[in-house]
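Participant: With these hints in hand, go ahead and build the complete structure from the sequences.
Chain residues, written in single-letter form:
2 protein chains.
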Amino acid sequence: MQARTLDHLRIDGERLWDSLMQLARIGATPKGGVCRLALTDLDRQARELVAHWGREAGLQVRVDRIGNLFMRREGRDPGRAPVIAGSHIDTQPTGGKFDGNYGVLAALEVVRTLDEHRVQTEAPIEVVSWTNEEGSRFVPVMMGSGVFAGAIALEQAYAARDLDGHSVREELERIGWLGEAAPGGFPVGAYFEAHIEQGPVLEAQQEVIGAVLGTLGVRWFDCTVTGMECHAGPTPMDMRRDAMQGAAALIQEVVALARRHGPNGRGTVGMVQVFPNSRNVIPGQVKFSIDLRNDSDAALEAMAAQMHESAARLAQAAGLRVALEPVSSYPAQPFDPQCVAAVERAAQQLGHPCRRMISGAGHDAVYMARLAPTGMIFVPCRDGVSHNELEDARPEHLRAGCDVLLRVVLERAGLAGAR
Amino acid sequence: MQARTLDHLRIDGERLWDSLMQLARIGATPKGGVCRLALTDLDRQARELVAHWGREAGLQVRVDRIGNLFMRREGRDPGRAPVIAGSHIDTQPTGGKFDGNYGVLAALEVVRTLDEHRVQTEAPIEVVSWTNEEGSRFVPVMMGSGVFAGAIALEQAYAARDLDGHSVREELERIGWLGEAAPGGFPVGAYFEAHIEQGPVLEAQQEVIGAVLGTLGVRWFDCTVTGMECHAGPTPMDMRRDAMQGAAALIQEVVALARRHGPNGRGTVGMVQVFPNSRNVIPGQVKFSIDLRNDSDAALEAMAAQMHESAARLAQAAGLRVALEPVSSYPAQPFDPQCVAAVERAAQQLGHPCRRMISGAGHDAVYMARLAPTGMIFVPCRDGVSHNELEDARPEHLRAGCDVLLRVVLERAGLAGAR
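The listed protein sequences correspond, in order, to chains A and B.
Numbering-wise (my numbering), the first sequence opens with residue 1 and increments by one.
Numbering-wise (my numbering), the second sequence opens with residue 1001 and increments by one.
Simulated from the structure, these hints should not be mistaken for lab results.
Any given hint could turn out to be false.
[Stated by the list, open to error] With a Cα cut of at most 27 Å, we get these calculated BS3-like pairs of lysine-lysine:
{"#": "1", "chain 1": "A", "residue 1": "K31", "chain 2": "B", "residue 2": "K1031"}
{"#": "2", "chain 1": "B", "residue 1": "K1287", "chain 2": "A", "residue 2": "K31"}
{"#": "3", "chain 1": "B", "residue 1": "K1287", "chain 2": "A", "residue 2": "K287"}
[Claimed, not checked] Partial list, derived from the structure: chain A residues whose beta carbon lies under 10 Å from chain B:
{"#": "4", "residue": "E116"}
{"#": "5", "residue": "D238"}
{"#": "6", "residue": "A258"}
{"#": "7", "residue": "M271"}
{"#": "8", "residue": "N280"}
{"#": "9", "residue": "S359"}
Every residue, glycine too, gets a C-beta built ideally from N, C-alpha and C.
Facilitator: Written out as structure tokens, the structure reads:
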């Protein structure tokens, strides 16, 4: 087979869709979503199905000590660093069919397509399914890729326990997925991950492919506003220290702050608790979460500093106590410019409207970007909804993203000819 | 005994304090408060102690069908309408020693003082302890006085059930306080109620007596703001329909509204619930309570109308749905001008700094004002705190309020001479 003819190579969109629908039956929920928490029996069933498909496609299956599943398609030169593509198959408790699953099955579809067309690559290609990306059952999130990249210690990951007290290590053993390979420790040629956008941008712009520039950095805070709990009737307005009113002002500041640090600034208050939370009592205390994101650590730093200033100013002006406690912090992670360009070029060649865009959510690719040139391919999802049973994506978009994945993987792995 | 000498008549502040402290032992909490919910065994114990004290003072004890306790000191003319004074002895779950209890025991102290000085009044005096003012266990609040005044049907009150399914009628029977007298149905000469302020005004102004002009009208609403639940990372600021941000703007409007309708306007958001209440999810829905108060029904009407306008404007501007549901409504209740003047005059004669003020909270006096000339006497409480185990009041203030009560009761009942 000649390089020239590969421009016409396309994945099989129906096969991809059928695999997605088959996998989605494991842990299917009545509302059309999937509940398949990491290292449960359902996760085992899904892993077995994916590994079965890998073996069917002639891939060598390997599991490492944190349960990451690698399925290798040998290259002409086995000594070359593999090009890895994949994602995860664990879900949120009320998750959907596509988040993660698409990235794994798109990678599988790429090798199925190469097999079908007897394409030989120079470097090996590995399909990966990372353990516990969601972090719903065991924290931290992105556990498998984090251990692989050396960002999370294996022993720390093993020790994580779910609400019932079961540890990651126990559950890996119980479901038979505690592998023998040491996580990581080998060079990676490149890493690609296809994923639904989990946001509304592509759909709104009627674009099909997102060439992901990197992920936003995140700062999480807990804010506690303390005033004076009083009866709502007898306390005149000018004698109140109303914690809810102070909180409302700061909640608005979180958004104003993000807008001042656009276009990639984000500010969200997702969680609010009011004490004593009684209809006729002026709240004495309000606790709320703050989620700040931006595309550079400097911008994030400036946002955090301004949030502290606003909190101090409000405390002073309203006679309230305001405590702002950092909860966690993830740096912004840019992806490899050549990988981004490759995704964009592939989309253009295939005639798919494409945009360079930032990922607001974390992905396994964040850790992989520390190890190897990394790129991500976004496709639209309906209404930007994910982490939800209503999560949905269109077959033609999933096919388009997978065609792009095929191209960038081929480009990185290098064409050796027919086999 | 001559009328002239009665100017020097004073209640016994120590006896009043001792009775308050004895009553507070029934249902005492470790933090110094009282938990004595209506129609519990503890309520029965407290009722028995108060009735015992009444019989000791030679009062005729009478219980009506809703469990209101009347203790009558006969007048020279038994045919005259009695002057009634009292309040309630049920408490909030984490209530204090003074709310309600003070009004009942101050009335008892008035008759004890009259006995001690052998004072005969023209009209009878009745000490009352109303059933279930707090409404913590059974709604509606101010149940006993409401039934007495014909505002609440006896059968409706009987049918009210607590969270365990026990009805008011069953519990009245169980504790032996289902009396035989028909509630109300007889003329009342006047009604007076002494009470802690439950607000911070008297303390802040270093005043001792509040001559209460009436109670604020109240409008309760439930507000539901519905936007679009989305992942906090991938959703750009200008593509959000963030229910929490819409709610924050309206929560601030509740306070701004009250300030525009001062000095007796009140606006409180005491209860907030966020869905799904997750740190990295833009809230799709926020529900919160609105408590609006003012001293005239016209002002309340205007406040409610402006709240509806603000809700509609925000919905339009922010692409949110905003529903504003009325929950309940109590009209403003002015007290009798002559009773207010009598309280003020008594305070002046006794040399206690006094202010005319509005009551922000509801009291049994609200229903009694529909039946008879009614007045209330407020005394300061520490930090304006009530409905709280930390509720506190100073003995000299309680004594002062009780001295005022003695004067106004005597003035209304009319002096007949010594007995």
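Participant: Hint by hint, note whether the structure agrees.
Facilitator: Right, here's what the structure says about each hint:
1. K31/A - K1031/B: Between K31/A and K1031/B the Cα gap is close to 49 Å, so the pair fails against 27 Å, i.e. violated.
2. K1287/B - K31/A: holds, 25 Å
3. K1287/B - K287/A: It holds: about 16 Å lies between the C-alpha atoms, which stays within 27 Å.
4. E116: Violated, about 34 Å.
5. D238: D238/A check passes; min Cβ-Cβ to chain B is 8 Å, inside 10 Å.
6. A258: Status holds, d = 5 Å.
7. M271: This interface hint holds because 5 Å falls under the 10 Å limit.
8. N280: Because about 6 Å separates N280/A from the closest Cβ in chain B, which is inside the 10 Å limit, the hint holds.
9. S359: Check passed: Cβ of S359/A comes within 7 Å of chain B, closer than 10 Å.
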